[in-house]
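Assembly of the complex is requested from the two constituent chains, each provided in isolation within its own frame, with the hints serving as guidance.
Taken in order, these protein sequences are the chains called A and B.
If you want the numbering used here, it's the position in the first sequence, counting the first as 1, plus 653.
If you want the numbering used here, it's the position in the second sequence, counting the first as 1, plus 17.
Derived from the structure by calculation, the hints contain no laboratory data.
Among these hints, one or two may not hold up.
Stated by the list, open to error - Covered stretches of chain A, going by a simulated chain B footprint (3 or more residues, C-beta under 8 Å):
1. 953 to 963
2. 998 to 1007
To be verified - FRET-style restraints, in silico, Cβ to Cβ:
3. A:1156 <-> B:44: 38 to 44 Å
4. A:673 <-> B:127: 56 to 62 Å
5. B:127 <-> A:778: 35 to 41 Å
6. A:1023 <-> B:124: 46 to 52 Å
7. B:115 <-> A:981: 26 to 32 Å
The C-beta atom is built at its ideal place from N, Cα and C for all residues, glycine as well.
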Amino acid sequence: MLAINEILFNIQELLGDNAQIKKFFLGKATIVINAKSIKDVVARLVKNDSTLGLSAITGIDLDKTIGLLYHLRTSEGIVTIKTEVSKGKPIISSITNIIPGANFHEREAADLFGIIFKDHPNLKRLVLPDNWPNDLYPLRKDANLEDISKSRDNFSYKIDGSQSQEDSLVNIIVGPQHPALLEPEKFSLKVDGEIVKYVEPRIGYVHRGVEKAAEKKTYLQDVYLVERICGICNACHASAFVESVEKILGTQVPDRGKYIRTVILELNRLHSHLLLLGHAGLEIGYETLFQYLWRDREPVMDLTEMLTGNRVIASSLTIGGVRRDIKETHIPIIKKQMIYLRERMIFYKDLFENEPSIKLRTKNVGVLSTQDAIKLCVVGPVARASGVPIDVRKDDPYEAYGEIPFKLVTRNDGDAYSRLMVRLEELFESINIIDYAIDNLPKGPYRIKVPRVVSAGEVVNRVEAPRGELLYYLKSNGSAYPERVKVRTPTFSNIPAFQKTIIGENMADVPANIVSLDPCFSCTDR
Amino acid sequence: MGDVKLVKKRISPMIKEVLTRFFSKPVTEKYPFVTTEVPEGFRGKQLFNIDLCISCGLCSRDCPSNAIEMVEVDGKRRPLFHLDLCIFCYQCAESCPRNAIKSSVFFELASNDKKDLILKPEANNKTGGSD
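So that you can see chain B by itself, here it is in the shape it has in the complex (with noise of 0.2 Å):
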């Protein structure tokens, strides 16, 4: 134990800090009753467009977590995004030389089921997924 002499008699610091937020509204926030803001670039759920994608399994390639695997979809390979091995790092939006992948501020993705969690590269669905 440290030694005693070393102290000065003087009230805390702490207890005016302490004192004046009791006048204050709490530091955090209602989630989920508010919604928070995520700023503008966060790297949540990902929006694959099936239209400018040229099945060239680049994102596939340089994923470091082997979460998109290449499907036949109508003939053509496309990615299917595994987002429960997904690190979000969006690399694959990066190494995409078309674009075809791009971020999105969803990241309320937890859920029960794994199957919610595949982002299927449908045609008819541009933000790809189950819901």
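The shape of chain A in the complex, shown without the other chains (with noise of 0.2 Å):
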């Protein structure tokens, strides 16, 4: 991936004068630049370096315009481009042509902000329901939502995925009140035999507006809010809010405190991916794996409870450190219970390599190519199994991961099993962060006292949850209340891989496509 000084000095060429660029604001630097040139610019960067992805599109009211934050993801960190339409008329050219994994961020700011993307390929709905008013952008700050239902008339209510009379293909629709996923998403397949053709998502069923509901809580109260986008990550997003205000706030959190926060986020992670092959098992038809993983599973939540006092939702991450410590009794706990996981995790790779049943299913079958994985802006175990060597924790490394020893576990087929099989070798590699953390412990204290009003500033953190990177953009005005809160989860990111993968394939293997990508659909319509 290029370097952040070869980024603005390729830009600075081009642009000249018309480009502001500051060093170390929102991510690794920002680039201010005119609407007009944001094809130019992006268009070069991906010309210079075909590596570079995008992280996520942020929209914010700016009171007289609409600002557009680019958030491209590099080697040494985000680097974000920032630019301003104006609210009676916001168009800017799309990206979706130079940096395919632009599209679904493009669709949602559309539907949230009521931005247009010119030359967009397909800018439908996406988050929002089909009956919501065609005026009304929530996320504005002068967006009226009290009369929502006064204005219902005002929609443009079309049956998406209307079969065409010409070709020959049939359509299935998987969803919304999907077999097997016990989550609400549709994804229409135009299959032409048992061959799929075609495949249009959409997302947006239990769209919660959380980024608008955090806009009207303290920082306080907003951290068990995000908590609760998602149960099996949860403590991955109270991370990577309250580093967020931590870095507005310039909060040093004690040593023992970041530790205790890595324990406590790798339990997060042996709990969704021993969730996942458990369920992946019962997608490929395999139940009796997905009853002994999730078996495994209950030494990992027991943990959780002991350490937090819930199962699920940790509720254990505040700002300024954590809330409860890891007590001396503890520790001999968590080390037996590492050492039974890690037996039975060598009893899962063991089957995972020699049994028929889960092969058969899952090898060859959706295969996304390390270029594929680039183009689409992929994330977490879905780009590494596809070669793609990007991993917060060691990219950007936050809470104690700077200090602790792991390896990056890749995998250069980039098929279904690879991405099953990158996850089990993580587990192996969660439970030595946990061993390790434990070990070296650091005494002191575990969290410090901070102030409830935060003073104004901007941030973008992101934090690697199980499903791969998750990025936050939080805005302060210097009040009780955050200004904009955006939350790019990383199943978003991950869908149209989906779209890919499943193209030429039987309709037999969707399953296993879609649940090799772990999907969370509770992330995606936070």
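Right, here's the structure in full:
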């Protein structure tokens, strides 16, 4: 990936004085440009370095205008391109044909801020309901959300996925009441016999408007709100949010607090990966695997309960540290369970490597090449299974990850089997991280007192959730309430991979394909 | 579908695992016929001690789900907990300057009536609640 100085040099060369560069702001640097030149800038950057990825597009209401922040992923961290469009005429060129992974990000900004992305291939509703009023953009500050029910007449309801008369393709609609995934989402597939030719995903069935709700609560209350975006990776959301607040406040969390946070975050990862691997067993018709993996997930849940007071929602992280200490009596129990888990993981690794039924269902299914993985900007285990070595814990260390040695797991095949194996091997790394953190737990305080009112500022922060890079953008205006909270969850970036991998495969491989991405629609529809 | 040639001929390790489980006792507990042990520090139903309360209202202000209502009891403002709204984060216990709110390991809160889930601040009942 391109180094930051090269990126800045390239843009300076292209635009001269029309680009203002602020170093160490919103990631490693922020480049303020005119909205007209966005396409040129991105095209230039991609031409120079084809591994550049887009992390997120954040919209923000700036009173007279709407700000758009393009967070680009480089090897050294996030670089943000900042631009503005007028509220009356919010038109900007789409960058989807340069970076295909920008597709969903642009559609989301179009839904929530009413931005028109010129030349976007498919600028349809993505996160808002079909009967949402046409000219109501919920994340604009002047949006009047109180009389939505009255303005329901003003909508353009269209039945999606109508079958074209010309071709012989058959529509099969999976969802919104999905038979296996337990979360509502819809995939409209077009099949030719057994072969999938086209797929159109639709999300947003459980969109809860957490980003808007977060603007109405205090920072302390928001910690509990963002935690509830996703049950499985709750501590990751809390971690990303509290770190953002701490960065604005300039708070240094005590070392012990950082280590305890790392333990909680890795327990989250163990929980998530074990859950997914078990679920994969269920999806491919191997229910025994599902039952046994979920049994072995129980020690992780019990440890979380012991350390935090709840099996699932940890509510352990808070601004300035953690809420509960790890007691001396807890340490032998954690160590004992880690020994048990490692033993079990050795068994499952052997099983995954030698069990015919797992391989038959997942090997060479849903192959995502390295090139496609970069283009679609996928994150986490999905990217790592396609040979893209990105992991926020390594690239941009947070909490105690900078001090803890662990291996970055990658595979090169890019099929469903690799994606499952990457997660299985990461379990070993998580166990090692917890062991190391417990052995090297620093002495001293585990939290410090922080002020309730946060000074004005904005920050981009990311953490490695079990499903991949989780990005938070936080803007504060000096009051007790945040101005804007943007959450870009890993699954939101990973769904486009499904659109790519399923084309040309059997209908029967759809479940294995979806499950290997570890989709979490509760995260996606935050 | 995957490639059949990839498969080596070997008995699955899972078969041995499953067979050995026939001779050990079940992992699942026979709840509710046995009591489930929850660890110390579990965030269950709150215990409110009215004698320690100084009516500051911090618990109500910090509650993320607006589950705490300040009500008049004998001329003083006291917190009333709506446990049906409560998310059991225990921010109230943390915010309380006098430690008047404590945690309990009581978790069996399922009820057919929302009224059962109101924890009233009563002087004669330190644990509060209607049960």
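Run through the hints listed earlier and report the numbers of any the structure violates, in increasing order. Result: no hint breaks.
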